[in-house]
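Engineer: Given next are the chains, with one letter for each unit.
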Amino acid sequence: MLNSPFFSFLTLLIFKQKTKHIGVVVISVMIIFLLSSILFISSSLQQTLQKNLKNQPDIIVSSLKAGRSVDTPIEWIDKIVEIDGVESVTPRVYGRYFFTPNENSFWIIGVDFFDEQSNQNLKSLIDQVELREFFSTPSMIVGDGVGEFMRGHFYSDSFSFRLPDGGFKEVKIAKELLSSTNLIANDMIVMPQELAREIFGMDDEVVTDIAFNIPNSSEWDNIITKLHLLFYDIRVVDKREMIKSYRGLYNYKGGLFLVLYLVTIATFMLILYQRYSMVYSSDRRDIGILRATGWSIKDILKLKFYETLIITMVSFVMGVVLAYGYIFVLDAPLVLEIFLGGANLANSVELVPTIEFGLLGSIFLIFAIPLFGSVLIPVWRIATTPPKEAML
Amino acid sequence: MIREFLVLSTLLVVLVGAMVWHYILYSGDSGAIDDISCLTTMTTPSLSVAFYEPRELYGDRHEVYPSIPTISRVGFVYVK
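Chain order of the listed sequences is A and B. Counting from 1, position 367 in the first sequence corresponds to residue 367 in our numbering; the numbering is continuous, with no gaps. Counting from 1, position 55 in the second sequence corresponds to residue 447 in our numbering; the numbering is continuous, with no gaps.
Quick caveat, the hints were computed from the structure, so don't treat them as lab data. Some hints here could point you the wrong way.
As the list claims (entries may be wrong) - Examples of chain B residues lying across from chain A (beta carbon under 8 Å, computed):
#1 L400
#2 L407
#3 T433
#4 A442
For clarity, every value in this text was computed on a predicted model and none was experimentally measured. The C-beta atom is built at its ideal place from N, Cα and C for all residues, glycine as well.
Using the sequences provided together with the hints, build the complete structure.
Structural biologist: Shown next as structure tokens:
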């Protein structure tokens, strides 16, 4: 087929009229590039977060007062432990520390490093020598974004936290996390739980919330009911809600772009349709000439079909490859802010390449079908008119 | 088939090949992110949000308009 006269004529025609096609290809590449970029980021972030969900506790319980979150009494743990089917009950201390009021903030997490599992994870994050030093003085591990921000404000070795009683607490920066953890730890500060309590002004009787696991997922609803019977003002968040909110967060933004894309593509297709159906267009004359030299309507439609197919394929491949390079090689400068925000510390995330073939197929179909329609319908209308009339 | 078309096809094949090559050979460091999420039991993305927006994806959030700040949102602000 590749050596057939028809194919030679088709490719010759495309390159002969390349100025006509370049405009269509450039606009198509831009549309596919923008849409693919957004969907690549969205699916990559979602996949990375979903992978880490295994480390998320199944249930989080916190105390409410008049509908507002307040510190949770630590004595609740004793009651929760007594519920059958509950395990790994962990009190958590965390919150936001504002560097300047209403501006940049850090996400402080207090960890019980004497817990066996936490100790193992800490060991894999910092080596043995640093570990001894870490426990000998008030120390913290900071995320990449926090480290950069602190260096920018001349806190390269330690940082002085302002305490609620007006005093200051100097904490040594023991380690800066790798930039590969930026997706969840860019603004994070990890420190011993007692130190976090001191900075937040929390006493030993309260925690921010209590997290625990329920190995048998069919017991989740039953245990949630028991919790509501045990305590009056509580908020219970389970892992299912977390998964839903992760999906919702990025599907919403991806969907927004899909709507914009549909508007753009509809406009583009209307322009193309208009171009092909113009009374004095060169396409009209060309079709007339072909009809006059003996080409049937079917042959003309076949020629235009393959011509559009080649243009679509070239645009699609170029758009997708450019989007892939922009997102996964250059790490999506500018566009990433749409998904991660830019109101607090600057965040640069290394995105894990994710290709959803179903998604790419959908993009291709959503793009190709209107394109074929906007070219073939006017071509068919011209081809069915007498050649003499078409060439006028 | 004309030569220009052959060149264009080859170029596209090379582009797709480079993309597939990068995709297959990518070896990101997922261990560190796993360690930190396991250590802190926090998996919410590090959203660079303004002071009135929630940092975690659960908690005090308006169900219908998630961007509306709630009273208890500002966790730790010092009085000027």
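Engineer: Determine for every hint whether it applies to the structure shown.
Structural biologist: Now for the hints, and whether the structure bears them out:
{"no.": "1", "hint": "L400", "in the structure": "7 Å, holds"}
{"no.": "2", "hint": "L407", "in the structure": "4 Å, holds"}
{"no.": "3", "hint": "T433", "in the structure": "5 Å, holds"}
{"no.": "4", "hint": "A442", "in the structure": "4 Å, holds"}
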